[in-house]
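Protein chains in written order, with the UniProt record's numbering: chain U, 1 to 461; chain D, 1 to 461; chain G, 1 to 461.
Don't take each hint at face value.
In silico DSS-like links for lysine-lysine, alpha-carbon gap of 27 angstroms or less [claimed, not checked]: (1) D/K109 x G/K444; (2) G/K323 x U/K385; (3) D/K323 x G/K323; (4) U/K60 x D/K285; (5) G/K109 x D/K161; (6) U/K291 x D/K285; (7) D/K161 x U/K18; (8) G/K285 x D/K60; (9) D/K201 x U/K99; (10) G/K161 x U/K161; (11) G/K291 x U/K385; (12) U/K161 x D/K161; (13) D/K323 x U/K18; (14) G/K291 x D/K161; (15) U/K18 x D/K385; (16) U/K109 x D/K385; (17) D/K444 x U/K109; (18) U/K323 x G/K291; (19) D/K201 x G/K385; (20) G/K109 x U/K444; (21) G/K285 x D/K109.
Over the 12 angstroms line for every Cβ pair with chain U, so calculated as not near, a few chain D residues [unchecked claim]: (22) D29; (23) A75; (24) L108; (25) D179; (26) D233; (27) L349; (28) A350; (29) V374; (30) L389; (31) P417; (32) V432.
Computed footprint of chain G on chain U; a stretch qualifies when at least three of its residues, placed anywhere within it, have a C-beta under 8 angstroms from a C-beta of chain G [stated by the list, open to error]: (33) 60-71; (34) 181-188; (35) 195-208; (36) 327-337; (37) 340-350; (38) 363-372.
Since the hints were made in silico from the structure, they are not lab data. All C-beta atoms, glycine included, are put in the ideal place defined by N, C-alpha and C.
One-letter residues, chain by chain:
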Amino acid sequence: MNKNSSNMMALAPNTSEKRETVCIFGTGDFGRALGHKMIQSGYPVVYGSRRTQISNLIPKDAEVLGHTEAAQKAAIIIIAIQRQHYNFLTPLAEVLRGKVLVDISNNLKLNQYPESNAEHLAQLLPGSKVVKAFNTVSAWALQSGMLDASRQVFVCGDDLKAKQTVMNIVRALGLTPLDKGSLLAAQEIENYPLQLFPMWKFPIFLSLGLTAFFFFYCVALEIIYTYIYENNDFSFFIAITIPNRVCPVMALILLALVYLPGIFAAIIQLYRGTKYRRFPDWLDKWMLCRKQLGLIALAFASLHVVFTLVTPMRAFVSWRTSKRIISQALNNQTEPLDHTNAWLSDSYLALGILGFFLFVLLGITSLPSVSNNVNWREFRFVQSKLGYLSLILCTAHTLVYGGKWFLNPLAYKWYLPDIYILSLIIPCAVLVVKFLLVFPCVDKPLTQIRQGSERNPKYSE
Amino acid sequence: MNKNSSNMMALAPNTSEKRETVCIFGTGDFGRALGHKMIQSGYPVVYGSRRTQISNLIPKDAEVLGHTEAAQKAAIIIIAIQRQHYNFLTPLAEVLRGKVLVDISNNLKLNQYPESNAEHLAQLLPGSKVVKAFNTVSAWALQSGMLDASRQVFVCGDDLKAKQTVMNIVRALGLTPLDKGSLLAAQEIENYPLQLFPMWKFPIFLSLGLTAFFFFYCVALEIIYTYIYENNDFSFFIAITIPNRVCPVMALILLALVYLPGIFAAIIQLYRGTKYRRFPDWLDKWMLCRKQLGLIALAFASLHVVFTLVTPMRAFVSWRTSKRIISQALNNQTEPLDHTNAWLSDSYLALGILGFFLFVLLGITSLPSVSNNVNWREFRFVQSKLGYLSLILCTAHTLVYGGKWFLNPLAYKWYLPDIYILSLIIPCAVLVVKFLLVFPCVDKPLTQIRQGSERNPKYSE
Amino acid sequence: MNKNSSNMMALAPNTSEKRETVCIFGTGDFGRALGHKMIQSGYPVVYGSRRTQISNLIPKDAEVLGHTEAAQKAAIIIIAIQRQHYNFLTPLAEVLRGKVLVDISNNLKLNQYPESNAEHLAQLLPGSKVVKAFNTVSAWALQSGMLDASRQVFVCGDDLKAKQTVMNIVRALGLTPLDKGSLLAAQEIENYPLQLFPMWKFPIFLSLGLTAFFFFYCVALEIIYTYIYENNDFSFFIAITIPNRVCPVMALILLALVYLPGIFAAIIQLYRGTKYRRFPDWLDKWMLCRKQLGLIALAFASLHVVFTLVTPMRAFVSWRTSKRIISQALNNQTEPLDHTNAWLSDSYLALGILGFFLFVLLGITSLPSVSNNVNWREFRFVQSKLGYLSLILCTAHTLVYGGKWFLNPLAYKWYLPDIYILSLIIPCAVLVVKFLLVFPCVDKPLTQIRQGSERNPKYSE
């Protein structure tokens, strides 16, 4: 076929006529949009349709014929009809023999049918070469040129040459084909466009829930308590003060939740003495969404940083500073520098900055293009070593910040602890257990288990 | 051929002799640079040249022969000569039959010839397998190892095996081949290295023009007006104060310009009642540079953030603060906290922070490696839903900031409005029309049109 | 083979039975982990082992047979045994003829053997089709599903179809195959997982050394000197003040070191009059780690920005400000605005912001996914033009900051200059020489040399 196209080229040097004719079965929305785009890219297009007269919806330069005549005109037939009508193709089996059929269909639900549409088509027409493609692109995107992103078109099929032909068409339309292997991948490809951040759902709901809890906890302690007992209206704390308390707490807890499943996994493996038994389902799922948890933690940490940095610009803070300075000036006194305070304030800020810096590094290495360029050893070094270092620094940042209030009974309004105390529970627990796991007497058997040895080989029988 | 190379390997285990001989026609700069690199990577190189004696420019380990003898020694011939001399290859057609010819040529202008150089070569020598490659790499980069980026080598060709062979050579030189399909892609590949950010040209010139206008507008109102009427020299405002006024204005206007073409498109479609007619050319072009507009808006927003955050470090601000506090102290008075002001200041900052946060999220999802990992539904969710949310937050941020000055006649120097008032026109217009378009009575017909229905089927005939 | 798999599918529509049987030689850790994963992905797995009875370690659904029987059951055999035992495969040559052998082995050291394990295997069994794959994935990652990153599996092999088959398996396991070409790439693939940021080693050690030097230099001048001669304890400067002096110095020096090798290269080429001789080794190595130097410089610059922005939040700074304002208030005086100071402070900040902004742009364009989307001309424009602009702005930022102290003898404690003076040496030298190189009388011959001309053709003979 490559030979032919090269010959065609020699005969017809004009760009718009060099391409091979493509046949499209079905004049629905996607069929029309794809036809438009193909004609723009220089492909002659023939539509196969039952009603050959409705030509006004169809691109002007396209021909409309009956199915059989249209199929005979092209080596590639795009099946732009719905799966439930695939049966009508069976009588055309002889015409379609040896031709490339491109299945572009999508379903309405995940795993709607036991086998994918493309595999169903391949079973109906075993003599044709079925290729799955184009289902990840929307008709609206094709039509309006809104292809800023998602230029990727997943392609799969059992016939290498047929797949190459379709991938060439994909490239000619300005899209990027991605070979997903044999037709067995069609199910996954058909499920793909139906997803809306499936890996992010649990982490986002967890974060929203925790954020709401901590927010109202803070509103109660900071605003309502102050209003009731001190008769001060600090309702404007809702805008910055309270978000800037909730964000660091969320960041620290979520970062600790990234490392907690690894701790659980190590304990389970030590207890079982083997790595060859599957983890409980909840742990598996948790492990798979660690990256998402980490990125949400990073988002909260970034918000905390910006909320903190705007502090001097707040009217409330500037009023408070003025008040303090004026009262000192009126009392004719200048406080000496409190060295302990200077140390605490500076080391607290420095710990936070370094922890956040490492956190951002982790975030950058989790960008797909960066993580694809590091090997397994490097990835583990960054995510494990630097990640724990970041957790240690951020926990220390929180400890130094709140250190002096821990044992102060005045800090407990309504006998409730401040949220930064709550936020320290999980990180400290993770760090303590991780510290124990690093000891040689624990680390050695764990390493052996992870290298495949079994303490009790009979266990798994 | 793969079989052969595997046999060769068995006979010659030493790395530097395992590779197949490559012939290079032409001893110009690129031919020499490529030959150097290939010899370094272990390929025996034979040059084909008219003058076989000028060997001092040519890598020492390379042989130099006449064209015919050189071509007979290799299965792959790299054509490192200019298109205008391709004709001299015609007599060699018989020697080159069945061989892989690699066209590495570039042109001086976009679309200089009606057909690409590689297609021209394929027409001259129909018996050879022409592959386009290496034209995107510069000789200087090859020579000096300066391949930090742009390791990508676009490869296209009609013969699959020939393409694979060339891609293997590309990989062996430490570069990354990218299959662009059949030889029809050669035109695009030849145009590629001539481009200098073609999609960025219009957005950058627009931004520069608007920035210059707003900058001088501000200089007039803030510095010249103050100098003339108040006799104050605030010329140092040029460094930070005025840039920090222009940046947010530019960010907001450009962000609104990202969403304006979508509004126009919806109105045009509603008016025409069909999506199958092309948009006017200006709208098409505008739509295609929305990503660039958005990223420039993000750059301005980031500058605004940093310019704002350094405020407390400015000598002028610190002088102003001192003056205010000292005058209060000398008057022996302490102002009470102004709750309205505290609310306004905090909510203005919080709106800005959240808007900027969403804006950065949009920027991250527009990184190629991230946007390739989201499907169409997810991309639209982020770019449309979160994008509009960001626009709403940023507009609200500006409204709250300037709210109290809107109707204040003192704010109008020389009867001209402040630039933040100008900056609100487009964003507010976009948000109002978008709000109308979301109403069911408008949204429903629009959705139908975008799903392919036509209100007036005769229209497009 | 594709035909067969399509037939199989028609007969056995159930997902778990559609895949072709895979044979694994060796029941070690990786063999077991891979078998587990393959069974999960629907592949029937047969183990080939000497001891067919130890079935408790092996996945339950897998069969365990002798090597010959196992090999006969599958077209693909994964060789999960160590290189030193490859010899035992020689007697099986007849059974393995025509089959796909997947070499997954790794070595313990870089370039441990003269030829790669996969090539060794191909020499032992010339009748089989050897494909290298899976060696970049760790058994522990496969087992625990911890594949957040590094989903990439490098694949190479001489037989195209065999490679395609293995790539389909890789895809089916949820991993991303990356074709690295012929089996000659096996050595590189086997070395890959042993690396730990090889390109980063020198830049990181250089940065650590310089940082330590500047840190202790500052500690001596700022803390020890002050303690001895002024009896002030400023030990808390260690947390923020001194890091915020070292970071900008390191950023500026490293940024200059990115552009210094280019200067050296230009001088060497001008001196030699040719570009066809290799640079000295140290220059080659330096050139190859410029990207890493630049990114470390960016990290230091980012730390400097954050350290600077938290300044107003420091207890020490707030104490110093109060003290200054109170003393003014007590003296009943208000200083007038110092215009020179306002200009210096604002322009110093503005230069730093713009320099940092361009620096971040450079960082973003060096992300692999971004740099892959720009052509050579665009990359050079960004990295060279914008890079030099950033260096100029950052150097000016430092000059304006320290300008007034340069000639002040009080600035020289112990007759030692402040570190920002040291930091200016290399950047200023680079900028001055670059300025000279831009002059036409120097630029013209340099451009000619880089386009391939030789001043003295005999030189390289």
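Results of checking the hints against the structure:
{"no.": "1", "hint": "D/K109 x G/K444", "result": "holds (23 angstroms)"}
{"no.": "2", "hint": "G/K323 x U/K385", "result": "violated (44 angstroms)"}
{"no.": "3", "hint": "D/K323 x G/K323", "result": "holds (14 angstroms)"}
{"no.": "4", "hint": "U/K60 x D/K285", "result": "holds (23 angstroms)"}
{"no.": "5", "hint": "G/K109 x D/K161", "result": "violated (35 angstroms)"}
{"no.": "6", "hint": "U/K291 x D/K285", "result": "violated (38 angstroms)"}
{"no.": "7", "hint": "D/K161 x U/K18", "result": "holds (22 angstroms)"}
{"no.": "8", "hint": "G/K285 x D/K60", "result": "holds (23 angstroms)"}
{"no.": "9", "hint": "D/K201 x U/K99", "result": "violated (44 angstroms)"}
{"no.": "10", "hint": "G/K161 x U/K161", "result": "holds (12 angstroms)"}
{"no.": "11", "hint": "G/K291 x U/K385", "result": "holds (23 angstroms)"}
{"no.": "12", "hint": "U/K161 x D/K161", "result": "holds (12 angstroms)"}
{"no.": "13", "hint": "D/K323 x U/K18", "result": "violated (77 angstroms)"}
{"no.": "14", "hint": "G/K291 x D/K161", "result": "violated (36 angstroms)"}
{"no.": "15", "hint": "U/K18 x D/K385", "result": "violated (42 angstroms)"}
{"no.": "16", "hint": "U/K109 x D/K385", "result": "holds (23 angstroms)"}
{"no.": "17", "hint": "D/K444 x U/K109", "result": "holds (23 angstroms)"}
{"no.": "18", "hint": "U/K323 x G/K291", "result": "violated (50 angstroms)"}
{"no.": "19", "hint": "D/K201 x G/K385", "result": "holds (17 angstroms)"}
{"no.": "20", "hint": "G/K109 x U/K444", "result": "holds (23 angstroms)"}
{"no.": "21", "hint": "G/K285 x D/K109", "result": "violated (36 angstroms)"}
{"no.": "22", "hint": "D29", "result": "holds (30 angstroms)"}
{"no.": "23", "hint": "A75", "result": "holds (18 angstroms)"}
{"no.": "24", "hint": "L108", "result": "holds (21 angstroms)"}
{"no.": "25", "hint": "D179", "result": "violated (8 angstroms)"}
{"no.": "26", "hint": "D233", "result": "holds (25 angstroms)"}
{"no.": "27", "hint": "L349", "result": "violated (5 angstroms)"}
{"no.": "28", "hint": "A350", "result": "violated (4 angstroms)"}
{"no.": "29", "hint": "V374", "result": "violated (7 angstroms)"}
{"no.": "30", "hint": "L389", "result": "holds (15 angstroms)"}
{"no.": "31", "hint": "P417", "result": "holds (24 angstroms)"}
{"no.": "32", "hint": "V432", "result": "holds (23 angstroms)"}
{"no.": "33", "hint": "60-71", "result": "violated (count 0)"}
{"no.": "34", "hint": "181-188", "result": "holds (count 6)"}
{"no.": "35", "hint": "195-208", "result": "violated (count 0)"}
{"no.": "36", "hint": "327-337", "result": "holds (count 6)"}
{"no.": "37", "hint": "340-350", "result": "holds (count 9)"}
{"no.": "38", "hint": "363-372", "result": "holds (count 8)"}
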